[in-house]
Amino acid sequence: MDLFGSFALLLSFVCAGYAFAGGIAAIVTRHPLLIKSARQAGVAACGLIFLATASLVYLFFSDNYSIAYVVSHSNRDLSTFYKIAALWSGQEGSLLFWSFLLSIYIVSVLIAYRGKHLELMPYVSVVMAGVQIFFLTLNNFVANPFRALGIPGANGALDVVARADGNGLNPLLQYPEMVIHPPNLYSGYTGFTIPFAFALAALLARYPGEKWIHLTRKWTMIAWCFQTAGILLGAHWAYAVLGWGGYWGWDPVENASLMPWLTGTAFLHSVMMQEKRGMMKVWNVWLVFSTFLLCILGTFLTRSGVVSSVHAFAQSTIGPWFVGFICLTLAVCLAAYWKNRDYLHSENQLDSIVSRESSFLFNNLILLVACVAVLSGTLFPVLSEWVEGSKISVGAPFFNKVNIPIGLMLLFLTGVGPLLAWRKTSLESLRRNFGWPLGVGLLAGAVAWPLGCKDIFSLICVILCVFVTVTIGMEFYRGARVIRARTGYPFVGAVRELTMRNTRRYGGYIVHFGIVLIFIGISGAAFNRDAQKDMPIGSTLHLGRYTLLLQTMDSKPEKNYTAERMVVEVLRNDKPMMMLYPERRFFPSNQESGTMVAIYSTLREDLYVVYAGRSPDSSLPVIHAYLNPLVKWIWLGGLVVVFGTLVALLPNRQPAMVLAAERQKSAGHALAGAVASHATYSESHD
Amino acid sequence: MEKRAKFGIGIAIILVSLAWLGWLGARESKTYYHTIAELPTLTGPALGQRMRIGGSVAPGSIKRLPGRIDFLLQGEGKTLAVSYVGSDPLPDTFVDNSQALVEGHRTPDGRFVAERVQAKCASKYETAPNGAPASSSRGSGT
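As you go down the protein sequences, you meet chains A and B in turn. Just so we're aligned: the first sequence equals residues 1 to 686 in the working numbering. Just so we're aligned: the second sequence equals residues 687 to 828 in the working numbering.
Wrong hints could be hidden among the right ones.
Claimed, not checked - Chain A side only, calculated, beta carbon under 10 Å to chain B, not exhaustive:
id: 1; residue: A240
id: 2; residue: W244
id: 3; residue: E347
id: 4; residue: Q349
id: 5; residue: L361
id: 6; residue: S376
id: 7; residue: S390
id: 8; residue: K391
id: 9; residue: A396
id: 10; residue: F398
id: 11; residue: Q532
id: 12; residue: S615
As the list claims (entries may be wrong) - Calculated lysine-lysine pairs in the BS3-like style (CA-CA distance at most 27 Å, straight line):
id: 13; chain 1: A; residue 1: K424; chain 2: B; residue 2: K692
id: 14; chain 1: A; residue 1: K533; chain 2: A; residue 2: K632
id: 15; chain 1: A; residue 1: K575; chain 2: A; residue 2: K632
id: 16; chain 1: A; residue 1: K401; chain 2: B; residue 2: K716
id: 17; chain 1: B; residue 1: K692; chain 2: A; residue 2: K276
id: 18; chain 1: A; residue 1: K83; chain 2: A; residue 2: K575
id: 19; chain 1: B; residue 1: K689; chain 2: A; residue 2: K276
Worth flagging that the hints you see were computed from the coordinates, not collected in a lab. All C-beta atoms in this analysis are idealised placements derived from N, C-alpha and C, irrespective of residue type, glycine included.
Using the sequences plus the hints, can you model the full thing?
Right, dumping it as structure tokens:
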């Protein structure tokens, strides 16, 4: 099966090579058979990657311990669920998994647009094949997951051996989120290849109009949705598994996933400027180029350990390959832009500082500054080594100082932007749209301050969150009221009808509301508390209104590990409430241990209890308990964001009922009504 | 032209204030990377900086004392005595021979006081072939 997988990978490399070279030849000669064959080679390359991935999965399930990758990431007692996760738990497998997900996107694009957009698609296929070739090169020649396990023999040659059992999966990865977090994040990383391919193709082909933006909107949103879910699942994993009480540590790998999200978010907003007003064309093309490059950089940072290691490139041989690919891609983008830059001529100018355009401009500027700040902070060790000769890193204070104000500005724009008119907004409309939200927001701030919200950033955050929520609520209310008056639907039905008639706009509002919930959750971090104590059995630890009583300790053997548990009774305001069981798991196969945090989560706060091991002095068990307010709102907000994105992906429902009702009244009136309703629902179509 | 100036000023205010915040944050959390062998060559202000040093934990050197954990970090043939004083429990991967990154300051007597320790297990199957080969040929499933 490993031979089969290796051959499939090799053949896939050949097919992708043909899709690339044959595709270029097809563009030059316009020969229909060449176009067809290049396209089919692209599909074949994807199919072969599916086969290779399936054979690696098979090797895991058949416990084949003659393959180095299987030996290092699995063992016989590992549950089926985690044998799937083992596929992407190491470098070779996760690079194959990258190729696998990319192939799903590529094959979907090739099939969805079969026989359509004949001027553009050959270019798109060539760009996609180019990206695929890079990853297949790594899969085949640099980090092959099918490498047999070898030990140096007597004459210096490698002898192929098989082991009775594997080393097992890293305990930190044996957690349900680790099965869904990487596929989400990787689907985000790989998904941005599609808008990138279309943008570069449109530029190369000088494809007329904004069509590439319409074509890629859905793909970008799918990638963005996966990326968002991936980041939040990663944060939740860090929170629930690493046991340090936080969910975000500005670690290079976390930053790597955030950066393309920031530019991707900027892109999703700025394309509206191009669609509506024919502006920001150069900016959009470069945003999508940067997003793709940041995805590659993210994969590189995650896989190479270039930043966290003390010596650059010490940990991995793939570093130079990634740097080479990033440089090559950048060169191609620059050349394409330079050659066809007149194609990206802007059709309009900014009219007023208080307008939808300028809110998008500032939104983009701020997102980009955030990205540059995160990028420079992450690469600080590499950059300082070039500039000063010594490697210097910056920590959380740097990221927080810059990104907290940025986050608040973004939150402000989230409320303001969608309600500003295109071109210019009058003072009267400002008052009408923002009077109430601002008033209610300030009122909320005035209530929160005496209640203990004394941190300045948290207070601003509360005010803005309420402000944005009210603006969103008013939008839904106003629209639903109009629909209710026309159709007689109940209010909830009217809200649904409103949303379905302009999914993009109202789905967008739902996403914004999800972001508000996430901000509420993050603002709670200013009020985190924790306590740590050596605990003889029967002793208690007080934290806030909770009391933790250690009743006993027990130990339970499981299939793949042994767990040592604390049995902790939780009392709230001195009344018994529930039991928590924080545990430490010991994995015999790789002699490692892991923590299982016990969390009691409510909307108000999380009680987060860690069994921190035994005290070195007294050998008593140690409890480390945290009280983290509002954390649950982050995960809820994530769900709302994903839901909103799904809504925005739905096609708009035509307001057929309204037209039918109007027509019955009078023909002339109906026409005017139809035009008016069309104007209402599609002019503000964003 | 006036509009452009307004935009320019707005953008400049945002950029300058964020750059200033970034500079403050960077100054507060700057950490210098050094190898163990480089430490004796440092002079002047470089000695007082916050540093991050990598190495492997000398076998048998981990001593758990009240309020701190002492161990020896080895690298490039040199050894550094480290006292960990942080409040977080050490990671599970921190054992003899593990690769560790310590972050903190040097004291005048040459010890290193670490507030943070990260550890990574030494690579497994290449260095510790404790699972003896089951057979010398390819296993099943090929």
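Does A240/A hold up as a contact with chain B if the rule is Cβ-Cβ below 10 Å? Result: violated, 16 Å to nearest chain B Cβ.
Hey, K401/A versus K716/B, does the alpha-carbon distance stay inside 27 Å? Holds, at roughly 14 Å.
F398/A as an interface hint toward chain B, with CB separation required under 10 Å: 3 Å, holds
Evaluation of the interface hint that places A396/A against chain B, nearest CB under 10 Å: 7 Å, holds
Under the criterion of a CB-CB separation shorter than 10 Å, is Q349/A in contact with chain B as hinted? 8 Å, holds
So if I understand the rule, the pair passes when the alpha-carbon distance is 27 Å or less; does K424/A with K692/B pass? 15 Å, holds
Let me know if the C-beta of E347/A comes in closer than 10 Å to any C-beta of chain B, holds or violated. 17 Å, violated
Given the hinted pair K575/A and K632/A, is their alpha-carbon gap at most 27 Å? Satisfied, since the Cα-Cα distance of roughly 23 Å is no more than 27 Å.
For the pair supplied as a hint, K83/A and K575/A, confirm whether the alpha-carbon distance does not exceed 27 Å. Between K83/A and K575/A the Cα gap is close to 43 Å, so the pair fails against 27 Å, i.e. violated.
Agreement of K692/B and K276/A with the hint, judged by alpha carbon distance not exceeding 27 Å: OK: K692/B and K276/A at ~23 Å, within 27 Å.
Next item in the hint list is L361/A. Is there a CB on chain B closer than 10 Å to its CB? Holds, because the Cβ-Cβ distance from L361/A to chain B comes to roughly 7 Å (cut-off 10 Å).
Given hint K276/A paired with K689/B - CA-CA distance at most 27 Å: 21 Å, holds
In terms of the numbered hints stated before, the structure departs from hints 1, 3, 18, listed from lowest to highest.
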